[in-house]
Structures are given as structure tokens and as C-alpha cells.
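Got chain A sorted already, so can you dock chain B onto it with the hints?
Line by line, the protein sequences are chains A and B. Letter 26 of the first sequence, counting from 1, is numbered 25 in numbering that gives the first Met the number 0, and no numbers are missing. Letter 84 of the second sequence, counting from 1, is numbered 83 in numbering that gives the first Met the number 0, and no numbers are missing.
Treat the hints with care, since some could be wrong.
Unchecked claim - Each computed SDA-like pair below joins lysine to any residue, with the alpha-carbon atoms no more than 20 Å apart: (1) 37/A to 169/B; (2) 144/B to 126/B; (3) 37/A to 157/B; (4) 119/B to 48/A; (5) 190/B to 210/B; (6) 119/B to 213/B; (7) 144/B to 157/B; (8) 144/B to 49/B; (9) 37/A to 126/B; (10) 37/A to 119/B; (11) 37/A to 202/B; (12) 37/A to 55/A; (13) 119/B to 210/B; (14) 144/B to 169/B; (15) 119/B to 35/A; (16) 119/B to 110/A; (17) 37/A to 203/B; (18) 119/B to 194/B; (19) 190/B to 203/B; (20) 119/B to 43/A; (21) 144/B to 43/A; (22) 144/B to 64/A; (23) 37/A to 100/B; (24) 119/B to 195/B.
These are calculated hints, taken from the structure and not from any lab test. Nothing here was measured: the structure is a model prediction, and the numbers come from that model.
Here is how the chains run, residue by residue.
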Amino acid sequence: MAEATANGLGQHALHAGHAHEAPAAAAHADVHQEHPIKLYLVVWAWLFILSTCSYLVDYFGLHGYLRWSLILIFMILKAGLIVAVFMHMAWERLALAYAIILPPILVLVFVTMMIFEADYTLFTRLAFFGSGP
Amino acid sequence: MAETLTHIGQTEPRPTGWEGIAADWSSDQRAFKNVSWGKAMMWIFLLSDTFIFGCFLLSYMTARISTRVPWPNPSEVFALRIGGSDIPLILIAIMTFVLISSSGTMAMAVNFGYRRDRRKTAILMLLTAALGATFVGMQAFEWTKLITEGVRPWGNPWGAAQFGSSFFMITGFHGTHVTIGVIFLIIVARKVWRGDFDTGRRGFFTSRTGRYENVEIMGLYWHFVDLVWVFIFAFFYLW
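Isolated chain A, as found in the complex (with noise of 0.2 Å):
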């Protein structure tokens, strides 16, 4: 919330630096977000810079754990983004980032399940069919 300024007319620090505390926010009751719309085009022009890297990585054709190493990171990092800067969870009391981000991350669990599964069900295939479907 160190950016988040009080709504008004005028009020939208175009000059407000990062470590802005506004304490003007308290006396409203809606903290909005406002930020320089420099920030917005900062963050654009990386989302358009790391959507480049991940598709040159398809272009040239890398392949094994290089490939999805840098598919993974520049995933992760576009995401992160847009996350972050374009939904304004940055700003955000902790209490919401983490209701809303940890849920997501537990489905990691169910991926790890889900690979056991697959590969279980790769191996009844191939012991029980064979070369058929």
C-alpha cells in the first residue's frame, strides 16, 4: 500500500516515489490505486521483452531441461507481472495477497500426484497393450 494514494482530484502523485507513505489515505474510505502511468509502460515493454525471449526459445528450436527451464522462468516471471503491477497485488494487504496466491501454489501437490498417476498408467499401457494405443 505504499503507493496507494487517497482519490481526488489532482491527487495522483505523478511524482510519488515507491517508499510514499500516504497517510492522506486514512481519512477516506477507499484507498484506490494510483500510480504514474510510467510504471504501466515499464511493465508492458517487459511483458512484450520476456513474450520475445519465450518465443525465440521455440525459434531456435532448445530442447530438454534448457527449454523448459526458460519456459518455466519466463512464465513465472510474466505472471508475476501482471500480477503484481497490472493487478495491483503489490500493494494489497498481505491478508488478501496470501488468501488469494497460496491456494494456487497447493495445486503443485496435485501435479506431483497427477505425474505418479500418469506414469503408472504409462506403464500398465505399455506392459498390458504393447505397441497398441
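Okay, now just chain B, sitting in the frame of chain A:
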């Protein structure tokens, strides 16, 4: 609203960090202190939608790991012939840039909304809707191309039969989300243009007056659609 009201009417600053999480959730009041109900509910809806797309991507992963037949190479399947040479995945790359650009214009629309710049907000929202519609159009082109090439939910000419069902399920659901988002954007843009959030005009469905925060809530949905595409692009098209 960065302060807590005590029983004697004095205000004290809210704790931050872990202490803040414990205090907010155990306060016997609402847990999301400075977030309106509309925004909190949109976040919770997006969380549930995350699980839906999570399950789709999980089932795709399971199908792809467990099949014995080679998976069709998306780099070749989604290549386009431009100027006599095949460019891998080019249409998908363009779609990615279109959707990211729409997210950028949406973020700026939210910003101008809070500055009460009605005109710029509405124009940027309509631009976002136009980019979203372009994305859906390109997706329709992609579907048409794949269907004429013989991709069906039960089979395709290049390999594992599950490719078609995963593809139509995942991109179809995402495209539906984009389409609903475009409609939603046009409705909110019209309200902004008409000045509903300045004059306090009541909505026809809810009979409630809106605020410029509605633009931000709309933005949350739109950025989520872009976010899902980041994961689909990585796992379905690039993997």
C-alpha cells in the same frame, strides 16, 4: 482505512506483515480491510477460475504423459506459411502480443478512471475490447485451420488422439472467457462514457450506483484472462 477503530473511538495504525495477516483474519470483522466487497468477490471468483484452468492443464499434462503415441509437435502444427517459408508458432506469438497489449491498455484505463478522465478511460477500454475481439478472431482462424487439417477431439493426423480434445477444451474455454470479457468491457465502457460513475446513475440490473472502482474490478478480470494465456502459451504451445 489504514487504521483500526478501538472501543474508545481512538484509531491506531494497523499492523503489517505476518502480524497484520493474523490481526486482519482474527479481527471478528471483515478480513480484507481496505478492499471493497466487489473487489474481494472478484478476486475470489478469479481464484475459483484458477482452479478450473488448473484442472484443465492438469488433465492435459496427465494425458500427454500417459500416452504411448508421440505428441504432435505444436511448433509445426501451429506454423504458418508466410512468404514461402514456414514460421513456427507465429500466429500464437502474435496472439500473445495482442493480449498483452490489451492488458496494457486496460491497466491505463483503470489509471485514468481514478483520475476521473472519462473520455480517456472509455477510449482505452474500447481499445482493450477491440484487441480482445482481434484475439478471438485469430483464435477462430486457428480453429478453422486445424479443423480443415483434420484435427478432431478424437484424433488428428500427426499423433496422440488426446491432442485435439486438450486443444479444443483449453483454448475453447479461454476464448469463451475472452469473449465474455469483451462484452463486459463494452458494457462498462458505455457506463463510463455516459458518466454513470460521476452522476451516480443506478445500474439497470443491480439498482446500485457504481464507482470508478468498477473499472478496476473489470480490469482484474481482464488481466486474469491474460494471465491464463501466459500459462496456456507456456504449457500447451511451447512445452
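query = Against the structure shown, which of the earlier numbered hints fail to hold, in ascending order?
reply = 1, 2, 3, 4, 8, 11, 12, 16, 17, 21, 22
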